[in-house]
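Novice: Start from the sequences and build out the full structure, keeping to the hints where you can.
Top to bottom, those sequences are chains P and C.
Heads up, the first sequence is in my numbering, so the first residue is 1 and it goes up one at a time.
Heads up, the second sequence is in my numbering, so the first residue is 1 and it goes up one at a time.
The set of hints was computed from the structure by calculation and includes no laboratory data.
It cannot be assumed that every hint is accurate.
Derived DEER-like restraints, expressed as beta-carbon distance ranges [as the list claims (entries may be wrong)]:
#: 1; chain 1: C; residue 1: Asp72; chain 2: P; residue 2: Arg247; range: 47 to 55 Å
#: 2; chain 1: P; residue 1: Ala164; chain 2: C; residue 2: His259; range: 57 to 65 Å
#: 3; chain 1: C; residue 1: Thr221; chain 2: P; residue 2: Arg24; range: 30 to 38 Å
#: 4; chain 1: C; residue 1: Val22; chain 2: P; residue 2: Ser250; range: 20 to 28 Å
#: 5; chain 1: P; residue 1: Ile204; chain 2: C; residue 2: Val22; range: 43 to 51 Å
#: 6; chain 1: P; residue 1: Ile38; chain 2: C; residue 2: Val22; range: 53 to 61 Å
#: 7; chain 1: C; residue 1: Val287; chain 2: P; residue 2: Pro100; range: 32 to 40 Å
#: 8; chain 1: C; residue 1: Gly138; chain 2: P; residue 2: Ala174; range: 25 to 33 Å
#: 9; chain 1: P; residue 1: Leu181; chain 2: C; residue 2: Asp72; range: 41 to 49 Å
#: 10; chain 1: P; residue 1: Pro100; chain 2: C; residue 2: Leu184; range: 52 to 60 Å
#: 11; chain 1: C; residue 1: Pro263; chain 2: P; residue 2: Ser250; range: 52 to 60 Å
#: 12; chain 1: C; residue 1: Arg112; chain 2: P; residue 2: Ile191; range: 52 to 60 Å
#: 13; chain 1: P; residue 1: Ala165; chain 2: C; residue 2: Val22; range: 38 to 46 Å
#: 14; chain 1: P; residue 1: Thr224; chain 2: C; residue 2: Pro115; range: 52 to 60 Å
Think about it this way: if two alpha-carbon atoms lie no more than 16 Å apart in a straight line, the pair counts; the simulated EDC-like pairs of lysine to aspartate or glutamate are [claimed, not checked]:
#: 15; chain 1: P; residue 1: Lys16; chain 2: C; residue 2: Asp130
#: 16; chain 1: C; residue 1: Lys179; chain 2: C; residue 2: Glu121
#: 17; chain 1: C; residue 1: Lys128; chain 2: C; residue 2: Asp167
#: 18; chain 1: P; residue 1: Lys16; chain 2: C; residue 2: Asp203
#: 19; chain 1: C; residue 1: Lys128; chain 2: C; residue 2: Asp118
#: 20; chain 1: C; residue 1: Lys179; chain 2: C; residue 2: Asp196
#: 21; chain 1: C; residue 1: Lys179; chain 2: C; residue 2: Asp203
#: 22; chain 1: C; residue 1: Lys128; chain 2: C; residue 2: Asp117
#: 23; chain 1: P; residue 1: Lys16; chain 2: C; residue 2: Glu101
No residue lacks a Cβ here, since even glycine has one placed at the ideal position from N, Cα and C.
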Amino acid sequence: MSAVALTLDQARYVNKAFWRNPARAFFTFAFPLMFLVIFTSLLGNGTVHIGTLAVKESTYYVASMAAFGVITACFNNIAISMTFNREAGILRRIDGTPLPHAAFFASRILHATFVAVLLVAITTAFGRLAYGAHVPSGVTLLRFLVMLLVGAASFCALGLAITAAIPNADAAPAIVNISILPLLFLSGIFIPFGNSTPAWILWIARIFPVRHFAVGLQAGYLGTPFHWSDVAVVAAWGIAGLLLSVRYFSWEPRQE
Amino acid sequence: MSAALESPAVSVRGLRKAYGSVEAVRGIDLEIPAGEIFALLGPNGAGKTTTVEILEGYRSRDAGEVEVLGCDPASERSRLKPRIGIVFQSTGVEPYLTVRETVTMYASLYPRRRPVDDVIELVGLAEKRDERVVRLSGGQQRRLEMAVALVGDPDLLFLDEPTTGFDPAARREAWEVVKSLAGLGKTVVLTTHYMDEAQYLADRVVVISAGRVVAEGPPATLGLNEHDGVRIRYRPAGGAAPPAPFAGAADDNGFVEVHVDDPVVALHDLTGWAIEHGVPLEGLEVVRPSLEDVYLALTREAEEGGTE
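Specialist: This is how it looks when you write it as structure tokens:
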């Protein structure tokens, strides 16, 4: 089989296993939708000011929760499932087969990206029906899709990279959450930035990829300006994640 | 064909490996002909797993020459991978796929494949083929791992402690599977710390202890190298006292067991005396040292030698 065929074939098996673990599949999809309903119920009637634009809170949260969903499906899922697979010896076994490492990584990234796209589609449809959110179309849609795919792949790569810092499967959820949850708050995902947002928070948001990714997706939903620089920052983080993975990814369980 | 048969599946010279200041493997030589079921026997921590992991390409070596199927596992691992199958000491497979899906998935990774259903049949999981892995028993999962290791039609199969933690019935089943592999003409390298496993399965056994080879040979002849040698066991009727070389303290059941240098000569002398004096020798038998006796004696010697 060619490397491409092997990748697709592997992704198919990953997909099968994903849906057969109902708890995992359910929560991957339920979390963003649940938060969307909670945040819009709490704050839905207010407005968010982005530049000169005034946006309904509910619409703002459709964009935010789409970004949140992608990050959960890619970064969190890959980091936790890879650590589990590593500790269960599944990676060690795979490493003993002729499957090229690149095809292994590509299949996992491909599958997580597929789940992320599905999640964004569901979040968008739900936002449209429940809150009358704008659905991207035309050139806006194309730019939106570029941001979505670059973002999904980049957060997958970062998820692979962080496994090197996770000592065992039990520690995986805690380490994943401590690395991403504060960043989600500091990037305006859960609570929109206002005029009084402190400068240090804005700097953190500028350095890390979450804010850039969310802003890129907002352009699709809210009609805010789209900057290719946001795509570039997210992609740079993705490439850094990939390089770190190539260097530090471990196929061997850490603890006996 | 004949050239392939003549070249050994595994050839190791002067293999050494240390972890920090601990020398796990201290100069091991091995030669495993193609088609042999070979057992590496030794207590826990003897260096078995380290040795096998170097052969499989998982671990680097500090010194020595290693050739597996004509490849150096350290530098030519990708050439070796399609030709070997491995059953690990403790690994898993994806829990949410079925038996058949799992075996099919692993088959797709190999250039040469055995038919998936045949392999599932061979390991005795035909009735479980549509069951998800998560619902299999421990023994069944182990057999699935054997199927996964076999489906790429490997020339060489590594089994690292394949039955550790099995109940007796599951061990028997696993043994039958390994025995049936011999029929396929595969070379099998087995590590174990169970004497009976090596005795039952292996054509040849190498005993290692403290990182060195302490004995080598077919399981049946291994015992003959042991200095304590052969014993004769019998119960003299009516409390009769046999002559000096055969006298010994009787156990609770009245049996006497004595070490002899040559069992043929010894039996001749003993039975000659018994006929002459009209003393029946109940339960007379020649007891060869079991592999376990040899193994314990050898590993004890090696450990004592190592600490001196």
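Novice: Hint by hint, note whether the structure agrees.
Specialist: To see whether the hints hold, each was checked on the structure:
| no. | hint | result |
| --- | --- | --- |
| 1 | C:Asp72 / P:Arg247: 47 to 55 Å | violated (24 Å) |
| 2 | P:Ala164 / C:His259: 57 to 65 Å | holds (59 Å) |
| 3 | C:Thr221 / P:Arg24: 30 to 38 Å | violated (55 Å) |
| 4 | C:Val22 / P:Ser250: 20 to 28 Å | holds (22 Å) |
| 5 | P:Ile204 / C:Val22: 43 to 51 Å | holds (46 Å) |
| 6 | P:Ile38 / C:Val22: 53 to 61 Å | holds (55 Å) |
| 7 | C:Val287 / P:Pro100: 32 to 40 Å | violated (56 Å) |
| 8 | C:Gly138 / P:Ala174: 25 to 33 Å | holds (30 Å) |
| 9 | P:Leu181 / C:Asp72: 41 to 49 Å | holds (47 Å) |
| 10 | P:Pro100 / C:Leu184: 52 to 60 Å | violated (28 Å) |
| 11 | C:Pro263 / P:Ser250: 52 to 60 Å | holds (56 Å) |
| 12 | C:Arg112 / P:Ile191: 52 to 60 Å | holds (58 Å) |
| 13 | P:Ala165 / C:Val22: 38 to 46 Å | violated (27 Å) |
| 14 | P:Thr224 / C:Pro115: 52 to 60 Å | holds (58 Å) |
| 15 | P:Lys16 / C:Asp130 | holds (14 Å) |
| 16 | C:Lys179 / C:Glu121 | holds (15 Å) |
| 17 | C:Lys128 / C:Asp167 | violated (20 Å) |
| 18 | P:Lys16 / C:Asp203 | violated (42 Å) |
| 19 | C:Lys128 / C:Asp118 | holds (13 Å) |
| 20 | C:Lys179 / C:Asp196 | holds (14 Å) |
| 21 | C:Lys179 / C:Asp203 | holds (11 Å) |
| 22 | C:Lys128 / C:Asp117 | holds (11 Å) |
| 23 | P:Lys16 / C:Glu101 | holds (10 Å) |
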